[in-house]
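Chains A and B, in that order, give the protein sequences.
With the first letter of the first sequence counted as 1, position 4 gets the number 4 in our numbering; the numbers rise by one all the way through.
With the first letter of the second sequence counted as 1, position 86 gets the number 86 in our numbering; the numbers rise by one all the way through.
Simulated from the structure, these hints should not be mistaken for lab results.
Ideal Cβ placement from N, Cα and C applies to all residues, glycine included.
There may be inaccurate statements among the hints.
Stated by the list, open to error - Have a look at the derived ranges for each label pair, beta carbon to beta carbon:
hint: 1; chain 1: B; residue 1: 190; chain 2: A; residue 2: 205; range: 38 to 44 angstroms
hint: 2; chain 1: B; residue 1: 192; chain 2: A; residue 2: 400; range: 42 to 48 angstroms
hint: 3; chain 1: A; residue 1: 89; chain 2: B; residue 2: 238; range: 35 to 41 angstroms
hint: 4; chain 1: A; residue 1: 144; chain 2: B; residue 2: 192; range: 48 to 54 angstroms
hint: 5; chain 1: A; residue 1: 358; chain 2: B; residue 2: 227; range: 21 to 27 angstroms
hint: 6; chain 1: B; residue 1: 236; chain 2: A; residue 2: 109; range: 55 to 61 angstroms
hint: 7; chain 1: B; residue 1: 221; chain 2: A; residue 2: 109; range: 38 to 44 angstroms
hint: 8; chain 1: B; residue 1: 75; chain 2: A; residue 2: 397; range: 53 to 59 angstroms
hint: 9; chain 1: A; residue 1: 102; chain 2: B; residue 2: 244; range: 45 to 51 angstroms
hint: 10; chain 1: A; residue 1: 85; chain 2: B; residue 2: 103; range: 32 to 38 angstroms
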Amino acid sequence: MLNKNRDHDAGLSRRSLLGKSLALGGAAALGTGTAAVAAEPGNPQNLPPNVPEWSKTLGDGVAVRAYGKPSKHEANVIRRDVEWLTASRESSVSFTPLHELDGIITPNGLCFERHHSGIAELDPNDYRLMIHGLVDKPLMFTLQDLERFPRTNRIYFAECAANSGMEWRGAQMNACQFTHGMIHNVMYTGVPLRVLLEEAGVKTNAKWLLLEGADSAAMTRSLPLQKALDDCLIAFRMNGERLRPENGYPVRICVPGWEANMWVKWLRRIEVGDQPWHHREETSKYTDLLENGKARRFTYVMDAKSVITNPSPQAPLRHKKGFTVISGIAWSGRGKIARVDVSLDGGRNWRTARLDGPVLDKSMARFYAEFDWNGQELFLQSRAIDETGYVQPTKDELRKVRGVNSVYHNNGIQTWRVSPEGEVENVEIA
Amino acid sequence: MSRSREIAVLSGMLLAVAVIGGAGFAMAQSSKLPAKPPGKDAAAKTAPAQTAAAPAAAAAPAKMPFGIGREAKPEEIAGWDIDVRPDGQGLPPGKGTARKGEDLFVTQCAACHGEFGESTGRWPVLAGGAGTLASHDPVKTIGSYWPYASTVIDYVRRAMPFGNAQSLEGDDLYSIVAYLLYLNDVITDQDQEISDKSFPTVKLSNEANFFDDDREVSEKAFWKKEPCMTNCAAGAPKVLGRARAIDVTPEDGKGPRVE
Numbered sequence: 001m002l003n004k005n006r007d008h009d010a011g012l013s014r015r016s017l018l019g020k021s022l023a024l025g026g027a028a029a030l031g032t033g034t035a036a037v038a039a040e041p042g043n044p045q046n047l048p049p050n051v052p053e054w055s056k057t058l059g060d061g062v063a064v065r066a067y068g069k070p071s072k073h074e075a076n077v078i079r080r081d082v083e084w085l086t087a088s089r090e091s092s093v094s095f096t097p098l099h100e101l102d103g104i105i106t107p108n109g110l111c112f113e114r115h116h117s118g119i120a121e122l123d124p125n126d127y128r129l130m131i132h133g134l135v136d137k138p139l140m141f142t143l144q145d146l147e148r149f150p151r152t153n154r155i156y157f158a159e160c161a162a163n164s165g166m167e168w169r170g171a172q173m174n175a176c177q178f179t180h181g182m183i184h185n186v187m188y189t190g191v192p193l194r195v196l197l198e199e200a201g202v203k204t205n206a207k208w209l210l211l212e213g214a215d216s217a218a219m220t221r222s223l224p225l226q227k228a229l230d231d232c233l234i235a236f237r238m239n240g241e242r243l244r245p246e247n248g249y250p251v252r253i254c255v256p257g258w259e260a261n262m263w264v265k266w267l268r269r270i271e272v273g274d275q276p277w278h279h280r281e282e283t284s285k286y287t288d289l290l291e292n293g294k295a296r297r298f299t300y301v302m303d304a305k306s307v308i309t310n311p312s313p314q315a316p317l318r319h320k321k322g323f324t325v326i327s328g329i330a331w332s333g334r335g336k337i338a339r340v341d342v343s344l345d346g347g348r349n350w351r352t353a354r355l356d357g358p359v360l361d362k363s364m365a366r367f368y369a370e371f372d373w374n375g376q377e378l379f380l381q382s383r384a385i386d387e388t389g390y391v392q393p394t395k396d397e398l399r400k401v402r403g404v405n406s407v408y409h410n411n412g413i414q415t416w417r418v419s420p421e422g423e424v425e426n427v428e429i430a
Numbered sequence: 001m002s003r004s005r006e007i008a009v010l011s012g013m014l015l016a017v018a019v020i021g022g023a024g025f026a027m028a029q030s031s032k033l034p035a036k037p038p039g040k041d042a043a044a045k046t047a048p049a050q051t052a053a054a055p056a057a058a059a060a061p062a063k064m065p066f067g068i069g070r071e072a073k074p075e076e077i078a079g080w081d082i083d084v085r086p087d088g089q090g091l092p093p094g095k096g097t098a099r100k101g102e103d104l105f106v107t108q109c110a111a112c113h114g115e116f117g118e119s120t121g122r123w124p125v126l127a128g129g130a131g132t133l134a135s136h137d138p139v140k141t142i143g144s145y146w147p148y149a150s151t152v153i154d155y156v157r158r159a160m161p162f163g164n165a166q167s168l169e170g171d172d173l174y175s176i177v178a179y180l181l182y183l184n185d186v187i188t189d190q191d192q193e194i195s196d197k198s199f200p201t202v203k204l205s206n207e208a209n210f211f212d213d214d215r216e217v218s219e220k221a222f223w224k225k226e227p228c229m230t231n232c233a234a235g236a237p238k239v240l241g242r243a244r245a246i247d248v249t250p251e252d253g254k255g256p257r258v259e
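From just these sequences and the hints, can you work out the full model?
Printed below as a string of structure tokens:
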């Protein structure tokens with residue numbers, strides 16, 4: 001069980017108590033009302049009528065925690081990785097704990113990582129961005145230079161093209177963090193790429209850009225000029241503060257709505273050209289093999305997708321029957337989320353969920369669907385619809401078109417089976 | 001006037017409008033620049049927009065471009081510009097043969113990729129896999145899958161060996177690439193020399209099997225007017241597969257330690 005070590009300190013919590021009663025009394029006892037009452041969490045010494053320590057003593061003063069961290073009781077809320085997935089930790093991925101988050105903003109320290117040669121540690125004084133190729137004047141910028149341009153703030157999701165890629169052949173990862181956690185949603189501050197290209201003066205025969213990172217993978221992608229002039233952002237801040245090293249400090253590019261491989265981190269060079277480069281990350285990788293042996297290339301856009309984050313395998317239902325909140329996220333690379341539907345019975349019947357909070361272009365949106373759970377087995381699904389009318393397909397619908405070898409762009413509908421005991425598991429259903 | 005110039009002029013005019021409004025206002029206005037919707041190059045060509053902005057531009061000549069940054073020197077560009085295209089643009093000088101490349105490959109690459117590109121452990125397989133792309137277990141290698149030989153020389157030059165990137169150049173680079181092409185039967189003669197002159201003529205067999213993203217056509221059915229809401233399938237859901245049965249999910253407590 002994924003949550004078994006959640007409450008590693010600080011007394012007994014509701015979950016660990018429940019776990020114990022489960023072990024001692026068996027699952028059947030939990031079904032009764034008395035078991036539910038006995039499961040109220042907490043250490044009696046800290047509960048009324050007793051007065052807990054923190055009500056009597058001084059805590060840490062200001063600036064003791066000069067850069068604040070989450071409560072020690074949240075030590076379980078961390079990125080995780082799957083060791084068997086890749087040959088090395090330096091060219092690998094860690095996953096955002098989506099089941100522990102709410103709203104639409106991903107905390108910087110929890111944003112999933114994907115590196116190809118580890119985290120490059122750049123000195124901001126040594127940072128340079130070069131723009132050259134089919135331009136009137138090749139240019140070199142320092143970080144300070146970039147910050148003198150008119151700035152903009154935008155909230156975008158960045159989703160790895162391989163998010164949910166382990167699920168093409170069936171249910172494999174029993175955790176929302178691992179099925180859907182290669183995504184984060186952050187407010188970026190930066191300069192529109194268009195402004196920098198204007199500064200260099202793009203020649204009329206220019207059609208493509210090459211983006212290159214400063215890490216030892218020197219990650220490159222070809223970017224159509226049209227997208228560059230539209231909404232790409234040369235970003236130097238995320239959620240207000242400087243980019244984290246693992247997210248490209250000091251500068252990365254945002255390519256809104258498009259697969260995150262193109263969001264080149266530690267961006268050092270932009271070359272303007274008249275044709276794509278067909279580099280490794282757009283030929284060997286990030287091309288989508290179909291059943292007939294042919295492969296799609298330049299599959300940039302991340303299609304509409306959603307997932308119920310709570311309940312999910314790492315976040316089971318512990319309250320038994322009664323009023324229950326379903327919480328989840330939806331996003332689309334083609335624009336705004338228009339609607340999310342939720343099903344409790346594996347797609348037989350749907351109800352429209354409630355979008356809450358900002359619903360922005362190419363950003364995560366948060367949805368909720370409240371219902372009265374009668375304690376029966378559930379097959380939870382969510383279905384996103386974006387403003388272009390695209391409806392998130394089932395996995396079977398995707399497989400019919402693509403087969404199971406695409407690796408990337410799996411945006412199929414996720415099913416969670418909720419048992420009468422409230423346990424949740426990743427399943428495929430007919 | 002180039003397209004970029006047109007864009008620049010429009011932006012300059014917007015900036016000029018902002019400057020008239022005063023310093024504080026100027027920031028707010030200019031920060032709105034990026035909020036312009038897609039297709040602004042088309043918008044720049046429309047007369048009304050130019051007319052509207054023209055008086056302001058006349059009153060306060062725009063200082064465009066911003067004049068931020070400096071010119072990149074040719075030697076600086078040469079130091080960082082390492083990309084190679086299928087048409088041969090960017091190829092560094094050099095020449096090599098598979099015979100010369102074998103020793104280099106064995107000492108620098110084989111620990112991960114195997115002596116014949118078959119790989120060790122989970123490291124990438126570089127050779128073989130011919131005819132597997134439409135099978136249940138496709139083996140995607142340089143020979144079976146990659147469309148362009150230029151990608152090999154570009155990638156080896158920029159990112160390999162893993163952990164010692166940008167250490168290969170000149171004849172060593174060409175020799176290792178020649179050996180990779182030899183392992184994949186693209187070159188059949190160990191002594192055939194490839195060089196920056198001949199390289200653009202090297203063709204890989206799978207090039208024609210790539211096509212541009214066609215989802216908006218081939219997956220048009222996903223743009224549904226009104227998806228089913230009630231009684232969309234008959235009977236109760238039947239579980240076909242469960243992740244729990246596969247049991248490969250990392251568990252809590254096995255993740256990285258947080259101090």
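Taking the numbered hints from earlier one at a time, note which ones the structure violates and give those numbers from smallest to largest. 6 and 9
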